[in-house]
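**Q** Here is how the chains run, residue by residue.
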Amino acid sequence: MYVCNCAGVTKRDIDEAVDRGARSLRDLRRELNVAADCCQCACDVKRCLRERQSMAQEVDLSTLGLAGAQ
Amino acid sequence: MKADRKVITALNAVLKSQLTGINQYFLHARMFANWGFEGLNESHYKTSIKLMKESDKLIERILFLEGLPNLQSLGKLQIGENVPEALKGDLGYELGSQHKAIEQAIEVTAGLHDFASEEMLRGLLQSCEDNIDGLETRLSLIETMGLQNYLQTQVEDDD
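Chains as they are written, first to last, in our numbering: chain A, 1 to 70; chain B, 1001 to 1159.
The hints are simulated quantities; they were obtained by calculation from the structure and are not laboratory data.
Treat the numbers as computed from the prediction; the structure is a model and nothing was measured.
Cβ atoms here follow ideal geometry from the backbone N, Cα and C, with glycine treated the same way.
Possibly wrong hints are sitting among the right ones.
Quick list of in silico lysine to any residue cross-link-like pairs, SDA-like style, CA-CA up to 25 angstroms [claimed, not checked]:
id: 1; chain 1: A; residue 1: Lys-11; chain 2: B; residue 2: Pro-1084
id: 2; chain 1: B; residue 1: Lys-1076; chain 2: A; residue 2: Arg-23
id: 3; chain 1: A; residue 1: Lys-11; chain 2: A; residue 2: Gln-53
id: 4; chain 1: B; residue 1: Lys-1088; chain 2: A; residue 2: Arg-23
id: 5; chain 1: B; residue 1: Lys-1088; chain 2: A; residue 2: Arg-12
id: 6; chain 1: B; residue 1: Lys-1076; chain 2: A; residue 2: Arg-26
id: 7; chain 1: B; residue 1: Lys-1088; chain 2: A; residue 2: Gly-8
id: 8; chain 1: A; residue 1: Lys-46; chain 2: B; residue 2: Leu-1074
id: 9; chain 1: B; residue 1: Lys-1100; chain 2: A; residue 2: Arg-29
id: 10; chain 1: A; residue 1: Lys-11; chain 2: B; residue 2: Leu-1147
id: 11; chain 1: B; residue 1: Lys-1076; chain 2: A; residue 2: Arg-29
id: 12; chain 1: B; residue 1: Lys-1076; chain 2: A; residue 2: Cys-38
id: 13; chain 1: A; residue 1: Lys-11; chain 2: B; residue 2: Gly-1092
id: 14; chain 1: A; residue 1: Lys-46; chain 2: B; residue 2: Ser-1073
id: 15; chain 1: B; residue 1: Lys-1076; chain 2: A; residue 2: Leu-64
id: 16; chain 1: B; residue 1: Lys-1076; chain 2: A; residue 2: Glu-58
id: 17; chain 1: B; residue 1: Lys-1088; chain 2: A; residue 2: Cys-38
id: 18; chain 1: B; residue 1: Lys-1076; chain 2: A; residue 2: Asp-60
id: 19; chain 1: B; residue 1: Lys-1016; chain 2: A; residue 2: Ala-7
id: 20; chain 1: B; residue 1: Lys-1088; chain 2: B; residue 2: Lys-1002
id: 21; chain 1: A; residue 1: Lys-11; chain 2: B; residue 2: Lys-1076
id: 22; chain 1: B; residue 1: Lys-1076; chain 2: A; residue 2: Thr-63
id: 23; chain 1: B; residue 1: Lys-1016; chain 2: A; residue 2: Asp-15
id: 24; chain 1: A; residue 1: Lys-46; chain 2: B; residue 2: Leu-1147
id: 25; chain 1: A; residue 1: Lys-11; chain 2: B; residue 2: Gly-1089
id: 26; chain 1: B; residue 1: Lys-1076; chain 2: A; residue 2: Cys-39
id: 27; chain 1: B; residue 1: Lys-1088; chain 2: A; residue 2: Asp-27
id: 28; chain 1: B; residue 1: Lys-1050; chain 2: A; residue 2: Asn-5
id: 29; chain 1: B; residue 1: Lys-1088; chain 2: A; residue 2: Asp-15
id: 30; chain 1: B; residue 1: Lys-1088; chain 2: A; residue 2: Ala-42
id: 31; chain 1: A; residue 1: Lys-46; chain 2: B; residue 2: Leu-1077
id: 32; chain 1: B; residue 1: Lys-1088; chain 2: B; residue 2: Glu-1119
id: 33; chain 1: B; residue 1: Lys-1100; chain 2: A; residue 2: Asp-15
id: 34; chain 1: B; residue 1: Lys-1088; chain 2: A; residue 2: Val-59
id: 35; chain 1: B; residue 1: Lys-1076; chain 2: A; residue 2: Thr-10
id: 36; chain 1: A; residue 1: Lys-11; chain 2: B; residue 2: Val-1083
id: 37; chain 1: A; residue 1: Lys-11; chain 2: B; residue 2: Glu-1129
Residues of chain B placed beyond 12 angstroms of chain A at every Cβ, according to the derived structure [said to hold, decoys possible]:
id: 38; residue: Asn-1023
id: 39; residue: Gln-1024
id: 40; residue: Ser-1043
Start from the sequences, fold in the hints, and give me the full structure.
**A** Now the structure itself:
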């Protein structure tokens, strides 16, 4: 799904940018040009950022759990 | 004929939703055409034009009631990367934005005894529900017959 229509940025693009290290709306704006024109996507972009970050944290925690079991 | 400020605000909220729909359906129509799905292009184009004609009536009504139609404000478009996403985005628009805006405007206009505006809005609500029906049917067809089979029905015959 397109998250930022002005810059033509999809949810996948944002997820990949977060995986590469983007940590804030400012990082994403710099890298992808989201929320730089009409700015109506800002809330959606932040939500995608939070979701991807918490997903990454869950993956990290579950990896820790597996390591402990060994 | 001067109307209550709240009526103008409610009609402008519907107009904002209509203008958002015009753009979303139009973009989706041309994306469908670009992907080769002429059937979907045609139906979505027609929906966009219908929304334009309805918006025209809204604009005229607002001007008659001595308000300023707001053509500046546009909602967020829900644009898909493929056919099912696009149809879900359209359904999201109809249920989340359009239906709500019209319902609220009907409440306001009826409450303030602007029955002519209310009647016009009831027409818009019927149109909105026809669109919802169409979209739900398409999504249901995708589920029952499979996406590939459905898309095949939307490709133009190359006779």
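**Q** Now look at each hint and say whether the structure bears it out.
**A** Cross-check of the supplied hints:
no.: 1; hint: A:Lys-11 to B:Pro-1084; in the structure: holds (16 angstroms)
no.: 2; hint: B:Lys-1076 to A:Arg-23; in the structure: holds (24 angstroms)
no.: 3; hint: A:Lys-11 to A:Gln-53; in the structure: holds (13 angstroms)
no.: 4; hint: B:Lys-1088 to A:Arg-23; in the structure: violated (29 angstroms)
no.: 5; hint: B:Lys-1088 to A:Arg-12; in the structure: holds (17 angstroms)
no.: 6; hint: B:Lys-1076 to A:Arg-26; in the structure: holds (20 angstroms)
no.: 7; hint: B:Lys-1088 to A:Gly-8; in the structure: holds (18 angstroms)
no.: 8; hint: A:Lys-46 to B:Leu-1074; in the structure: holds (20 angstroms)
no.: 9; hint: B:Lys-1100 to A:Arg-29; in the structure: violated (32 angstroms)
no.: 10; hint: A:Lys-11 to B:Leu-1147; in the structure: holds (22 angstroms)
no.: 11; hint: B:Lys-1076 to A:Arg-29; in the structure: holds (18 angstroms)
no.: 12; hint: B:Lys-1076 to A:Cys-38; in the structure: holds (10 angstroms)
no.: 13; hint: A:Lys-11 to B:Gly-1092; in the structure: holds (17 angstroms)
no.: 14; hint: A:Lys-46 to B:Ser-1073; in the structure: holds (22 angstroms)
no.: 15; hint: B:Lys-1076 to A:Leu-64; in the structure: violated (40 angstroms)
no.: 16; hint: B:Lys-1076 to A:Glu-58; in the structure: violated (31 angstroms)
no.: 17; hint: B:Lys-1088 to A:Cys-38; in the structure: holds (23 angstroms)
no.: 18; hint: B:Lys-1076 to A:Asp-60; in the structure: violated (34 angstroms)
no.: 19; hint: B:Lys-1016 to A:Ala-7; in the structure: holds (22 angstroms)
no.: 20; hint: B:Lys-1088 to B:Lys-1002; in the structure: violated (40 angstroms)
no.: 21; hint: A:Lys-11 to B:Lys-1076; in the structure: holds (15 angstroms)
no.: 22; hint: B:Lys-1076 to A:Thr-63; in the structure: violated (38 angstroms)
no.: 23; hint: B:Lys-1016 to A:Asp-15; in the structure: violated (31 angstroms)
no.: 24; hint: A:Lys-46 to B:Leu-1147; in the structure: violated (32 angstroms)
no.: 25; hint: A:Lys-11 to B:Gly-1089; in the structure: holds (14 angstroms)
no.: 26; hint: B:Lys-1076 to A:Cys-39; in the structure: holds (10 angstroms)
no.: 27; hint: B:Lys-1088 to A:Asp-27; in the structure: violated (30 angstroms)
no.: 28; hint: B:Lys-1050 to A:Asn-5; in the structure: holds (23 angstroms)
no.: 29; hint: B:Lys-1088 to A:Asp-15; in the structure: holds (21 angstroms)
no.: 30; hint: B:Lys-1088 to A:Ala-42; in the structure: holds (21 angstroms)
no.: 31; hint: A:Lys-46 to B:Leu-1077; in the structure: holds (17 angstroms)
no.: 32; hint: B:Lys-1088 to B:Glu-1119; in the structure: violated (29 angstroms)
no.: 33; hint: B:Lys-1100 to A:Asp-15; in the structure: violated (31 angstroms)
no.: 34; hint: B:Lys-1088 to A:Val-59; in the structure: violated (29 angstroms)
no.: 35; hint: B:Lys-1076 to A:Thr-10; in the structure: holds (14 angstroms)
no.: 36; hint: A:Lys-11 to B:Val-1083; in the structure: holds (16 angstroms)
no.: 37; hint: A:Lys-11 to B:Glu-1129; in the structure: violated (29 angstroms)
no.: 38; hint: Asn-1023; in the structure: violated (9 angstroms)
no.: 39; hint: Gln-1024; in the structure: violated (9 angstroms)
no.: 40; hint: Ser-1043; in the structure: holds (21 angstroms)
The structure fails to meet hints 4, 9, 15, 16, 18, 20, 22, 23, 24, 27, 32, 33, 34, 37, 38 and 39 from the earlier list, while all remaining hints are met.
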